[in-house]
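Trainee: With these hints in hand, go ahead and build the complete structure from the sequences.
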Amino acid sequence: MAKDKIAKPEELADGINYTPPKKDWFDPKVEFVRGRYNYASTPSGLEYLGLPNPRKWQPDQEDWKLPKDWQKIVLKGFKERLAKFRSFKIFMDICVRCGACADKCHFFLGSGDPKNMPVLRAELLRSVYRNDFTAFGRVLGKLAGGRELTVDVLKEWFYYFYQCTECRRCSVFCPYGIDTAEITMMARELLSLIGCTIDWITTPLANCYRTGNHLGIQPHGFKDSIEFALDDLYDLTGLKIEAPINKKGAEILFIVPSADYFANPHYFGFLGYLALFHEIGLDYTFSTYASEGGNFGLFHSHDMAKRLNAKMYAEAKRLKVKWLLGGECGHMWRVVHQYMDTMNGPADFLEEPISPITGTKFENAKSTKMVHICEFTSDLIYHNKIKLDPNRNNHWRVTFHDSCNPARGMGLLEEPRYILRSVCNNFYEMPEDTIREKTFCCGSGAGLGTDENLEMRLRGGFPRANAVKYVHDKHDVNLLTCICAIDKATLPALMDYWVPGVEVGAIHELVGNALVMEGEKRDTDFRGNRFIGPPEAQPKEGKENV
Amino acid sequence: MSIFYSLLAITVLILIPIVGVGGLGWRYLFGVIIPYAAFGLFIIGIIYRILLWAKVPVPFKITTTCGQQKSLPWIKNSKLEAPPNSFWTAMRMSSEVLFFRSLFRNSKAQLKPGPKLVYGSGILLWLGAICFHYSFLVILIRHFRFFIGPTSKFIEIVSGLDSFFQIGLPILYITDLVILIALTYLLLRRFLSPQLKYISLAADYFPLFLLLCIALSGTTMRYFTRIDIVAVKELGMGLAGFHPVIPDNLSLMFFIHIFLVSSLIAYFPFSKLMHMGGIFLSPTRNMANDNRKRRHINPWNPKVEVHTYEEYEDEFREVMKNAGLPLEKEE
Amino acid sequence: MYNGGKIILGLIIFLLLITLPVWFNIATGTSKYKPNPKILPGQTECVAPANYMRTSHMRLLDEWRDEVVRHQRRYGEINGKIYELSLSNTCMKCHSNKKEFCDECHNFADVNPYCWECHIEPKEK
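Residue numbers (the working numbering), protein chains in the order written: chain F, 2 to 547; chain W, 496 to 826; chain H, 804 to 928.
It cannot be assumed that every hint is accurate.
Selected chain W positions facing chain F (in silico; Cβ < 8 angstroms) [what the hints assert, rightly or not]:
#1 TYR500
#2 LEU503
#3 VAL553
#4 LYS556
#5 ARG600
#6 ASN786
#7 ILE792
#8 ASN817
Calculated cross-link-like contacts (lysine-lysine; reagent style DSS-like; alpha-carbon spacing at most 27 angstroms) [said to hold, decoys possible]:
#9 F:LYS23 to W:LYS648
#10 W:LYS648 to H:LYS896
#11 W:LYS692 to F:LYS323
#12 W:LYS767 to F:LYS23
#13 W:LYS767 to F:LYS318
#14 F:LYS77 to F:LYS23
#15 F:LYS323 to F:LYS362
#16 F:LYS143 to F:LYS80
What the hints contain is simulated information worked out from the structure, not anything from laboratory work. Note that the Cβ used here is the ideal one computed from N, Cα and C, for glycine as well.
Mentor: Here's what the structure looks like:
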């Protein structure tokens, strides 16, 4: 619906201007233009979760139906967080506004809106911090860069802190490591104290809290989805494959983002997992209670992240598994890698992860006891435990999008590349400034991937898409692979808009395609594309960055 | 506006010693009392700020990884950018503190027709920052000679290297020139780049003006109006030895210089200049990327309400049973 | 996690470094030393006033050097008197002892002029 109002790509790009206006930025007034913001939380989700101020409202309305003492609530929350998070306190205090972050944000690069410069996004909070919590600010007010917390400032916060995908690219370039993700998380916590949250975050939260996954799929629905996938695999390979659910005593509990078993193109990667686990004879189980790897709680508050994440260890304990394996997902891995053990550990009831196939000890996961599927699979490949025919992916010319969280919140860069080089013959890297730790966000992460926010998503995704276009033009790349469920859900729309002709896929989709399974009969990939044959039939071109 | 107010503040700061010393002759106040007070404020302010930060816990290990994690033994770990342990974290911090590693990555994005986003070099900011900070450090070390009796070999070597080219008399210190150029660059970019101008506050212009005036007054004194440095050292030694004296032979320019320096150190702990201490405490840089290997403890880890499996099964028992899923309780 | 120990250690190191001169002077006990340059007794007149000479003698010597070396002018008139523009022959007539005059302040203020890289250092008795 919002789509038809968006300008053509060239026009949109022409309208981007990085020169800010002459007037200073202290005026907080924002206009809520359709296509650039997300709808407000509906009351039911907030009520279910016991979150504050459930009500019917929308951001473009004048009256946000705030509680009477909202200002006091927010400032009190501000003060509490300054005392609980050193990151927040330090990041409020030490920015020198050197501007190194300014043009590192995909939303700034795609919109030219100066308040999307990470430094200014942080200044939106910092100005209130200075006004209310520093001596200079109390005395000098605006001269010291202070601003009073007014309704307009609050609305500005809402607008811009739901225009940050917590991708942490700015923090790579900041000389002090100031991380806007951290600042955005604080701002969103403050906003949620008075019920100013967005529906695309709180409804999945409520779903996940109740049913175990963001999509609200109930246990029998989950089972149906898995069986559906197994049927598909039978049709594609002729093999009868099993996938245990809620099986006590399995060695490994496998948790994937719910989109993997419910949405395209995630689903093809999901088929890849199932095929792989069948082939290596892995003793694992899915869980219906912990049927969500992702954690929208991270986009809401630390407490909500903890409330949802608790299910992983709880279920691992109940099912008496030895360790956990996690699927392809971005922010899920931020939570698992950087928060889970601290929030819900220690996982002393589990064992240090050892691959039952290769015997490899995953030393790096010995406390949290959860292993990334790319670590697991690359280890299999390294030890020659699976038979791969990369020619089966010859119809794909592949590039790899580093998803923000695994890249900058974990350092998972080589594992997926190693897998890719093993399962396909045509892999091309995007330009250096747009991959690895400098990767650009899809523009839709952190809960912003809605239809109503489409224009902003296309703008935010512009730097990523532009880099894809580069390899598309240069190397005829036609598949953009990634290891994040939000990427897989939102990149297709981005590609359609900026780089038509490029599809989006999972790493484990290509693994599944290339995997030579015992007794299989197949001549198509998971999408039904015919395998196009041996490399002799292929145009000769060098692989880059091998 | 913020430029105007910063300039105004600087002008006032320069006028104060002109009136106070030049007009009223309050040499003891400006030569002894104010420097002592400013230094006291500096020390106490820094301790206060650092302790204020130290009091706040680091609840999560939120390292920003800028390279390959340590995972499987055959994958090369980028130790400096994703430190696997505290030794490499110290190395990473050193590279940040000593070489401004992260700033070194700086690039400049440009939108070309096509549309095509290209990323050019942004190294100038790094260069300006490095030049300024190291010049400042060398100048600071050089100034120690005014406070130490028999000067140490170390200061002699630093000063000797700094005057390596033996240009002019008194010999030109290279850092004097470099710091003026670097400060001018850092200031000019705030004036000339529209983005920088937009984000700059009075708190950004003021320290630059202040530093520039300090450097200008200092270099003027050394190279142009000149000063009796024996007298300066008598004052310095008196201050450092807590038996302050005010020698006669000190010029007004000298009083302007030390008043501005006093202003700087008094302002320091309460300003963005505290990034000097803050960089050491930045949670995205000063922790190892060993999250899954070593558990990080959150001292205030809250108890939160969770939806337990029992509650879940109670709600979905019927459908689970019908789907043939295993149950904990049949009823 | 607080890392309080590390922070306090860092703070102490910083404070020690920034107050180094104080400790240094306490350790060496030299903080009250005042230079006392000696000239031959009975001399009252110099080429320029004492205050000027204190701050700017190096400029004067530099100018003299240029006059002599670059322009071959060995003599100059100052305040109506003709002087030989020479450190060794004019200045050191009164300021005769390098160690007791020049070095007294130069060492005190850590100044290392390169006069004696070309001139022969006078032998002190």
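Trainee: Is LYS323 (chain F) close enough to LYS362 (chain F), meaning Cα to Cα at most 27 angstroms?
Mentor: holds, 13 angstroms
Trainee: Under 8 angstroms is the threshold here; is the Cβ of ARG600 (chain W) close enough to any Cβ of chain F for the hint to stand?
Mentor: Holds, because the Cβ-Cβ distance from ARG600 (chain W) to chain F comes to roughly 5 angstroms (cut-off 8 angstroms).
Trainee: Just to be careful: measuring from the Cβ of ASN786 (chain W) to every Cβ in chain F, is the smallest value less than 8 angstroms?
Mentor: Since chain F brings a Cβ to about 5 angstroms from ASN786 (chain W), closer than 8 angstroms, the hint holds.
Trainee: Does the structure keep LYS77 (chain F) and LYS23 (chain F) at a Cα separation of 27 angstroms or less?
Mentor: violated, 34 angstroms
Trainee: Holds or violated: is the Cβ of LEU503 (chain W) closer than 8 angstroms to a Cβ in chain F?
Mentor: Violated: closest Cβ of chain F sits about 11 angstroms from LEU503 (chain W), beyond 8 angstroms.
Trainee: Checking one constraint from the list: CA of LYS767 (chain W) to CA of LYS23 (chain F), max 27 angstroms. Satisfied?
Mentor: holds, 25 angstroms
Trainee: Check the hint pairing LYS648 (chain W) with LYS896 (chain H) against an upper bound of 27 angstroms on the C-alpha distance.
Mentor: violated, 32 angstroms
Trainee: Please verify that hint: TYR500 (chain W), Cβ, nearest Cβ of chain F, below 8 angstroms or not.
Mentor: Result: holds, 6 angstroms to nearest chain F Cβ.
Trainee: A closest beta-carbon separation below 8 angstroms is what the hint needs, so does ASN817 (chain W) meet it against chain F?
Mentor: holds, 7 angstroms
Trainee: Holds or violated: LYS143 (chain F) with LYS80 (chain F), Cα cutoff 27 angstroms?
Mentor: holds, 20 angstroms
Trainee: Should the interface hint for VAL553 (chain W) be scored as holding, given a Cβ-Cβ cut-off of 8 angstroms against chain F?
Mentor: OK, holds: VAL553 (chain W) within 8 angstroms of chain F, min 5 angstroms.
Trainee: Quick check on ILE792 (chain W) please, does its C-beta sit within 8 angstroms of some C-beta on chain F?
Mentor: holds, 7 angstroms
Consistency with the previously given hints fails for numbers 2, 9, 10, 11, 13 and 14, ordered from lowest to highest.
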